[in-house]
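Please construct the entire structure, taking both the sequences and the accompanying hints into account.
In order, the protein sequence lines correspond to chains Y and D.
Sequence positions in the first sequence follow the numbering used here and run 915 to 1215.
Sequence positions in the second sequence follow the numbering used here and run 91 to 304.
Simulated from the structure, these hints should not be mistaken for lab results.
Just so you know, these numbers come straight off a predicted model, no measurement behind them.
Warning: the hint list may mix true and false statements.
Derived pair list, reagent style DSBU-like, types lysine-lysine, alpha-carbon separation capped at 35 angstroms [to be verified]:
no. : chain 1 : residue 1 : chain 2 : residue 2
1   : D       : Lys235    : D       : Lys266
2   : D       : Lys97     : D       : Lys196
3   : Y       : Lys945    : D       : Lys272
4   : D       : Lys287    : D       : Lys97
5   : D       : Lys199    : D       : Lys102
6   : D       : Lys97     : D       : Lys199
7   : Y       : Lys945    : D       : Lys132
8   : D       : Lys196    : D       : Lys282
9   : D       : Lys266    : Y       : Lys945
10  : D       : Lys272    : D       : Lys196
11  : D       : Lys287    : D       : Lys272
12  : Y       : Lys945    : D       : Lys265
Computed footprint of chain Y on chain D; a stretch qualifies when at least three of its residues, placed anywhere within it, have a C-beta under 8 angstroms from a C-beta of chain Y [to be verified]:
no. : segment
13  : 205-214
14  : 231-241
15  : 282-289
Quick reminder that beta carbons are idealized off the backbone N, C-alpha and C, glycines included.
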Amino acid sequence: MDFDWMKIPYAFLTLFIVVNYGFLLNAFIQKIAARVGRRHGIPIWQNYADMFKNYGLRSSITHGVMFYLGPVFRLSGGVGLILFVPIIYGSTMFSNMSFAGDLILALYFIFFGTLGMALGAGESGHPHAAIGITRGLSQVTTAELPFALAVFSVALQYQTLSVTDIVAAQQGGVMNWTLFTNPLAVSAAMLSFLGSMMRPPFDVVIAPQEIPIGPPTEYHSSYLALMQTNRAIFPIAKIVIYMNLFFGGASDWPTFFFKVFMIYLWSAFVGVVFPRFRVEQSIRWFLIWAVPLGILSIVMV
Amino acid sequence: MMRDELKIRVVKGPDGVEFEVDPLRDYFCEAPPASHPPAYAKIVEDLFNWARSHSLWILGFGTGCGAIEMRPLMTPRFDAYRYGIAWRPTPRQANLLVISGYLSVKTLKRAIRAYEQMQNPKYVVGLGSCTINGGMYWDSYNTIKRLDDYLPVDLYITGCMPRPEALLQGFEDLKKLIRAGKAEGANQYAEKFEWYKANQKQVIHDWDMPDYNW
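Given below as structure tokens:
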């Protein structure tokens, strides 16, 4: 097997675009939510200032090896997700390392960061971190269930595990999108999407002043900055998967920016309308409303 | 007087081995804080100072009546978030401690522990007259008079109480100090550590916490 070394600088370029777009988009979505609350909201470059400040802190404290590795795992989850799915369909520059079975790998990477975080936060020894990670993991697990079911449904529908092939099957008009060919799977996945975007009604796990912000309680300076960087990459990476599986993918950057923004806006839209769920309420909500949709979509296929 | 959970005790592990635990020694750091002078080239430090000034994370810990004046800053009317000011619930992530009004000796203990857990560089703002000279509590038996004797204060905001507008103006002034690289309170605390500890122990009679909290 020959490897095209040119892919590596291309992958870095993709990563660079995605990180910056993620930082700006996060701030923009926060600004939209602030405007709904009649505030001005943060400046659009606020996330950069926060990140530079945290990288620039002069002291930091560690609690052990896993405490280091937690944010690293989290970041590699986001970066891995970006690197192994085709960002721009049909472009050799931005298809990155996508290969035949990448759908399964993507599912794995989505969960990878959370698990690393659980180990790292556990090592910090802070009781709030332990409780926060328990609450977070149980919510993420139930939120991932409908998504996993939807992914199986889509994989059965197209008879492939390659994201590129799934995008290819959706080309040639809006009516070919999975959104219209398999609406049940898409609705299950979009409900699951709300649970993993860290916006209301499902953000009680990391909400400030709850169990003081849960998992990252003890994280500070560059550890926190790594996690902030991941907060820019991960939502975009996740949305890219959704875009590729359900909304026909993107064949150029403007389409990519627009579709990612619209999918992100869905979670912001729901977030400003509905108040927060408690953890046990959100788990029940996912099991009652989203999981049956996912099962139904598999049955229908 | 030492609390029970802080006394030295013998613990039996799950494997049956007995060992001695001294909570004040084993659970906390033993080294005094170190001074961290600016280490990078000027252009990098300028970038960091810019970022620090535009990202003030306040520890959400109200010590006195002035805390009520901080709440309106989060509301649409004042909206401090547009100036890069945010509230963090844990001292590890915060870098600005606002002592909001009078500080009783009991609260001073907590303020010291919170301050010492914050990461360098960190800033202290004294809010209201009480932090400057005791204010209306100047002859109280249970509050401290000058905050500057116990924690390195970067900026005072006077008034009793200062309105939220005054707070915003104060934060803008603090930003100028940070941009100019003059807000080095954390290093000052580390360099004059003995002096600060002596002052703290002078007023806190039931000192039942470790000397170093980080």
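Against the structure, the hints:
Distance restraint check for Lys235 (chain D) and Lys266 (chain D): the Cα-Cα separation of roughly 27 angstroms lies within the 35 angstroms cut-off, and the hinted pair is therefore satisfied. With a C-alpha separation of about 21 angstroms, the suggested pairing of Lys97 (chain D) with Lys196 (chain D) holds against the 35 angstroms cut-off. Distance restraint check for Lys945 (chain Y) and Lys272 (chain D): the Cα-Cα separation of roughly 32 angstroms lies within the 35 angstroms cut-off, and the hinted pair is therefore satisfied. As the CA atoms of Lys287 (chain D) and Lys97 (chain D) are separated by approximately 22 angstroms, the hinted pair is consistent with the 35 angstroms bound.
At most 35 angstroms may separate the alpha-carbon atoms for a hinted pair to count; Lys199 (chain D) and Lys102 (chain D) meet this at roughly 32 angstroms. A hinted pair counts as satisfied when its Cα atoms are at most 35 angstroms apart, and Lys97 (chain D) with Lys199 (chain D) qualifies at roughly 19 angstroms. Distance check on the hinted pair: Lys945 (chain Y) and Lys132 (chain D) sit about 33 angstroms apart at the alpha-carbon level, within 35 angstroms; holds. Distance restraint check for Lys196 (chain D) and Lys282 (chain D): the Cα-Cα separation of roughly 23 angstroms lies within the 35 angstroms cut-off, and the hinted pair is therefore satisfied.
As the CA atoms of Lys266 (chain D) and Lys945 (chain Y) are separated by approximately 25 angstroms, the hinted pair is consistent with the 35 angstroms bound. Restraint check for Lys272 (chain D) and Lys196 (chain D): satisfied, since their Cα atoms lie roughly 31 angstroms apart, inside the 35 angstroms limit. Between Lys287 (chain D) and Lys272 (chain D) the alpha-carbon distance is near 23 angstroms, which keeps this suggested pair within the 35 angstroms criterion. Between Lys945 (chain Y) and Lys265 (chain D), the direct Cα distance comes to roughly 23 angstroms. Compliance with the 35 angstroms bound is thereby established for this hinted pair.
For the segment 205-214 of chain D, the assignment as covered by chain Y holds, since 3 residues bring a beta-carbon within under 8 angstroms of that chain's beta-carbons and 3 suffice. Three residues within the 8 angstroms Cβ limit are the bar, and the segment 231-241 of chain D against chain Y gives 0, so the coverage statement is violated. Counting residues of the segment 282-289 of chain D whose C-beta sits closer than 8 angstroms to any C-beta of chain Y gives 0, which falls short of three, so the coverage hint is violated.
This entry does not satisfy hints 14 and 15, going by the numbered hints stated previously.
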